[in-house]
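Single-letter residue listing:
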Amino acid sequence: SAVISQKPSRDICQRGTSLTIQCQVDSQVTMMFWYRQQPGQSLTLIATANQGSEATYESGFVIDKFPISRPNLTFSTLTVSNMSPEDSSIYLCSVGGPGSSYNEQFFGPGTRLTVL
Amino acid sequence: ELKVEQNPLFLSMQEGKNYTIYCNYSTTSDRLYWYRQDPGKSLESLFVLLSNGAVKQEGRLMASLDTKARLSTLHITAAVHDLSATYFCAVFTSGTYKYIFGTGTRLKVLA
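Read top to bottom, the protein sequences are chains B and C.
Number 81 in this note's numbering belongs to position 28 of the first sequence; there are no gaps in the numbering.
Number 95 in this note's numbering belongs to position 52 of the second sequence; there are no gaps in the numbering.
Some hints could be false.
Taking lysine to aspartate or glutamate and the EDC-like style, the derived pairs with C-alpha atoms no more than 20 angstroms apart in a straight line are [to be verified]:
| id | chain 1 | residue 1 | chain 2 | residue 2 |
| --- | --- | --- | --- | --- |
| 1 | C | Lys151 | C | Glu58 |
| 2 | C | Lys141 | B | Glu111 |
| 3 | C | Lys60 | C | Glu87 |
| 4 | C | Lys151 | C | Glu87 |
| 5 | C | Lys84 | B | Asp64 |
| 6 | C | Lys151 | C | Glu44 |
| 7 | C | Lys151 | C | Asp109 |
| 8 | C | Lys111 | C | Glu101 |
| 9 | C | Lys141 | B | Glu107 |
| 10 | C | Lys141 | C | Glu87 |
| 11 | B | Lys60 | B | Asp79 |
| 12 | B | Lys60 | B | Asp140 |
| 13 | B | Lys118 | B | Glu107 |
| 14 | C | Lys46 | C | Asp109 |
| 15 | C | Lys46 | B | Glu111 |
| 16 | C | Lys141 | C | Glu58 |
| 17 | B | Lys60 | C | Glu87 |
| 18 | C | Lys84 | B | Glu111 |
Bear in mind the hints are in silico, worked out from the structure with no lab data behind them.
Looking at chain B on its own, in the form it has when it is part of the complex (with noise of 0.2 angstroms):
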């Protein structure tokens, strides 16, 4: 299985700044995911990041509020900006999928935004 980590874990931000969240895979994945999930809620995909071009969002997102990186095949980084209480959410990324090294998904231990 892969080993996924995520910085922060969690954070408390004020309305109108930015957070950049990190997600460091233990192993070379084509495609990760990013996605919410709201307090009680459940997963929302937010974006996928192919390493070597540019995110693809879903529908309600976009990259101005939402940037990806995606440097190498191990790393990537989601930001948040512009924040305000709507985006307290978790945030998590995964890797894995049919034609990946993994045919199942893992995640990372998530990171607990909160906006104030």
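Place chain C on chain B using the hints.
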């Protein structure tokens, strides 16, 4: 748009009882995943179901997949308190290469 629905959304059950969680999805897929999430934690993979008729069991949990009915079930046998968690199913869409998660079922097993 692919939709993945679970029912029930909330389930409170006594220890020792059996129950089934249902996961319905709206488009063709032959890959169905079940996850467990404890409060404040990330998701833990439980089962990967890759073909019609697939059945997998681990301890008191058994998952099955019927791709023709677009239905997966997670059956709980003789529930124990340690099974209290939120359970998610997720469907993989090969055309868009992404996972769509169900609404989740919050299970509480009462001693």
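Structure-based check of each hint:
1. This hinted pair checks out: C:Lys151 and C:Glu58 have alpha carbons roughly 10 angstroms apart, not beyond 20 angstroms.
2. Restraint check for C:Lys141 and B:Glu111: the C-alpha separation of about 10 angstroms stays at or below 20 angstroms, so the hint holds.
3. Proposed proximity of C:Lys60 and C:Glu87 is contradicted: the alpha carbons are some 23 angstroms apart, above 20 angstroms.
4. Taking the CA atoms of C:Lys151 and C:Glu87, the gap is about 17 angstroms. The hint holds against a cut of 20 angstroms.
5. Only pairs whose Cα atoms come within 20 angstroms are accepted, and C:Lys84 paired with B:Asp64 is accepted, the gap being roughly 15 angstroms.
6. The straight-line distance between the Cα atoms of C:Lys151 and C:Glu44 is roughly 31 angstroms, outside the 20 angstroms bound, and the hint therefore fails.
7. Taking the CA atoms of C:Lys151 and C:Asp109, the gap is about 26 angstroms. The hint is violated against a cut of 20 angstroms.
8. Distance restraint check for C:Lys111 and C:Glu101: the Cα-Cα separation of roughly 24 angstroms exceeds the 20 angstroms cut-off, and the hinted pair is therefore not satisfied.
9. The hinted pair formed by C:Lys141 and B:Glu107 meets the criterion: a straight-line CA distance of about 16 angstroms does not exceed 20 angstroms.
10. For a cut-off of 20 angstroms, the pair hint linking C:Lys141 to C:Glu87 stands: about 18 angstroms separates their Cα positions.
11. A distance of roughly 14 angstroms separates the Cα atoms of B:Lys60 and B:Asp79; the hinted pair therefore holds under the 20 angstroms criterion.
12. Of the supplied pair hints, the one linking B:Lys60 and B:Asp140 holds, its CA atoms being roughly 17 angstroms apart against a limit of 20 angstroms.
13. Between B:Lys118 and B:Glu107 the alpha-carbon distance is near 15 angstroms, which keeps this suggested pair within the 20 angstroms criterion.
14. Distance check on the hinted pair: C:Lys46 and C:Asp109 sit about 16 angstroms apart at the alpha-carbon level, within 20 angstroms; holds.
15. Restraint check: the Cα-Cα separation between C:Lys46 and B:Glu111 comes to about 15 angstroms, which is no more than 20 angstroms; the hinted pair holds.
16. Under the criterion of a C-alpha separation no larger than 20 angstroms, the hint pairing C:Lys141 with C:Glu58 is inconsistent with the structure, at around 36 angstroms.
17. Distance check on the hinted pair: B:Lys60 and C:Glu87 sit about 19 angstroms apart at the alpha-carbon level, within 20 angstroms; holds.
18. For the hint linking C:Lys84 to B:Glu111, the alpha-carbon distance of about 24 angstroms lies beyond 20 angstroms, and the restraint is violated.
The structure is inconsistent with the numbered hints 3, 6, 7, 8, 16, 18, although it conforms to all the rest.
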